[in-house]
Amino acid sequence: MSSTLEQQVEAHGRTVEIRVNKKPVEVKGPRVTGLEIKQAAIAQGVKIEVDFILSEELPSGETKVIGNGDVVTVTKHSKFTAIADDDNS
Amino acid sequence: MVTQSMTLPASLHVPPALAEQLFSHLFPGDGDEHGAVIGATVVETQRGTRFLARRLYLAKDGVDYVPGKRGYRMLTAAFIRDRIKDCEREGLAYFAVHCHGGTDHVDFSRDDLASHERGYPALLDNLEHHPVGGLVFARNAAAGDIWLQDGSRVELNATVFHGARRRVFQPAPAPKPAADPTYDRQSRLFGDRGQAVLASQKVGIVGVGGAGSLVNEYLARLGVGHLVVVDPDRIELSNVPRVAGSHRRDALPWLTKPERPQFLRALGRWLATPKVRVAQRVARQANPEIGFDAIRGDVTLDTVAASLTDCDYVFLAADSMQARLVVNALVHQYLIPAVQVGAKVQLDKAGTVTDVFSVVRPLTPGLSCLWCNELIKPAKLQEEALTPEQRRQQRYVDDVDVHAPSVITLNAVAAAYAVDNYLMSTVGLRATDYRERWTRFHPLTSTAFDRVIHEIPRSDQSCPECGSNGRLSAGGQRRLPVKSTAGV
Ligand SMILES: [Zn+2]
Ligand SMILES: [Zn+2]
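Chains as they are written, first to last, in full-length UniProt numbering: chain E, 1 to 89; chain U, 1 to 488.
Worth flagging that the hints you see were computed from the coordinates, not collected in a lab. Certain hints may be false.
[What the hints assert, rightly or not] Below, simulated SDA-like cross-link-like pairs (lysine to any residue); rule was C-alpha separation at most 25 Å, straight line:
(1) E:Lys-64 x U:Lys-483
(2) U:Lys-483 x U:Gly-225
(3) E:Lys-47 x U:His-442
(4) E:Lys-64 x U:Ala-431
(5) E:Lys-23 x U:Ala-448
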């Protein structure tokens, strides 16, 4: 079966450099789950844990919570924050 | 389950998504009358009966809602019959809904009342265990005629629409209350009506440590009429720097200081002032007439959680996942809006500060949920369910007995912002298009842009906690996720 290079790249995923807590993180994009983003960030030395709350930074200046199973389409402009989920009152 | 009599007053509570659907159906802009049916869970509380709207059935114009034989319009018998069956199957009260013109005043017409007299006895027979009734809406007003199984008939006192902007509909605007000079300065902002609303409120606070003790003081000074304060703990010396109103003597330092023998320190800790008593002292100083329920106990016990089911609002300022689970369930199951507040000083393994922030997460029935946002972790719930001994044996978990950093100013940011949110919503100062967000404050972040983060919470219609087929508006039909005190 023949396929274009683009299709092959699509099938295997291409590496996209995103930001997690301002640090560069490479993920296999363009479609990736919240959990995969956190796992990639941890593997690449970002100081977070898998159960941190992940949010995507939106152009509006707001952020949007991304669940572990939620799939997001990332580009090289994608920025995420991950913060601890517990707090102390 | 038999609902024979009702505690008055009666109020109807409507979650935001359902309210939006109802309004766009009743008021599409054509000025005509439209109809619907609401199925509502019945919750009896000491403060009256709360009907929690769980199902909304929109009547199609010309099909289900047709020209009337006696009045202007009517619901068809087939539509009514099917809805009665739906309500019976789900254990809900049945309310037929229609709209009238007008804005701030609404009342049933003579035709409306005559149709209730004709039709409702038969509906009561068919529903058997629950009330039936009629509701009529204007753009800012609502009235209800509720028929009980015992043959009595009561009026609906208020319809409460929950959301970032809380709205209360009555048949007519309430008379202007008398001004209280104590609150002169603040009622210049939200009016004597707003002040009277605050005086009528019953607000729960779960946890009166660093954040909750400030919430308690703010609410009491604002003139909230009744507080229900829940906390199992007693004051320790290390609480004094951040628990509002606490004194060193509350911690009995002469007994608990490190050089005392073990048994004296234990005795001191056992005799120290409960945090709820400190909160009560603070609240009474601000307002001697305040209603104050000091509940020294754990919100995860059934009896303690039950004491919050008639609150108008709940502040969650406790650290545990279990407390989050219970309060989140109260929000959706009983339609009680809440907010989670807290602060975090995050350290890495070497003890270096990696992040500092305060959080405010408003929880709106059916909309924003700690479960949907993965802020309740099953693994941590299980871990908390272990005894301290079991926890010590499972050393792979972080040592929960080590106290995390906690600073009054971080808590104060969260507490003040959360109370401010509650206040603006409750006194009705919010714009119609107000969009609720979760908020984090990061004082150490380098760029100003990132110091205040506004977060859009996830929401999942299939969520068992906040979804319409889950706990939403289920009231007493579901058990809260609590431990039973029976037999203890
Ligand atoms: Zn009418
Ligand atoms: Zn949910």
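Q. Does Lys-64 of chain E pair with Ala-431 of chain U here, judged by a C-alpha cut-off of 25 Å?
A. 23 Å, holds
Q. Taking only the CA atoms, is the gap from Lys-23 of chain E to Ala-448 of chain U under or equal to 25 Å?
A. Cα-Cα ~18 Å, so holds.
(Q) Just to be careful, I want the Cα atoms of Lys-47 of chain E and His-442 of chain U compared with a cutoff of 25 Å; is the pair within it? (A) Holds, at roughly 17 Å.
Q: Assess, step by step, whether the Cα of Lys-64 of chain E is no farther than 25 Å from the Cα of Lys-483 of chain U, and give holds or violated.
A: 34 Å, violated
(Q) For a C-alpha distance cap of 25 Å, please report whether Lys-483 of chain U and Gly-225 of chain U respect it. (A) 30 Å, violated
Hint violations for this structure: numbers 1, 2, all remaining hints satisfied.
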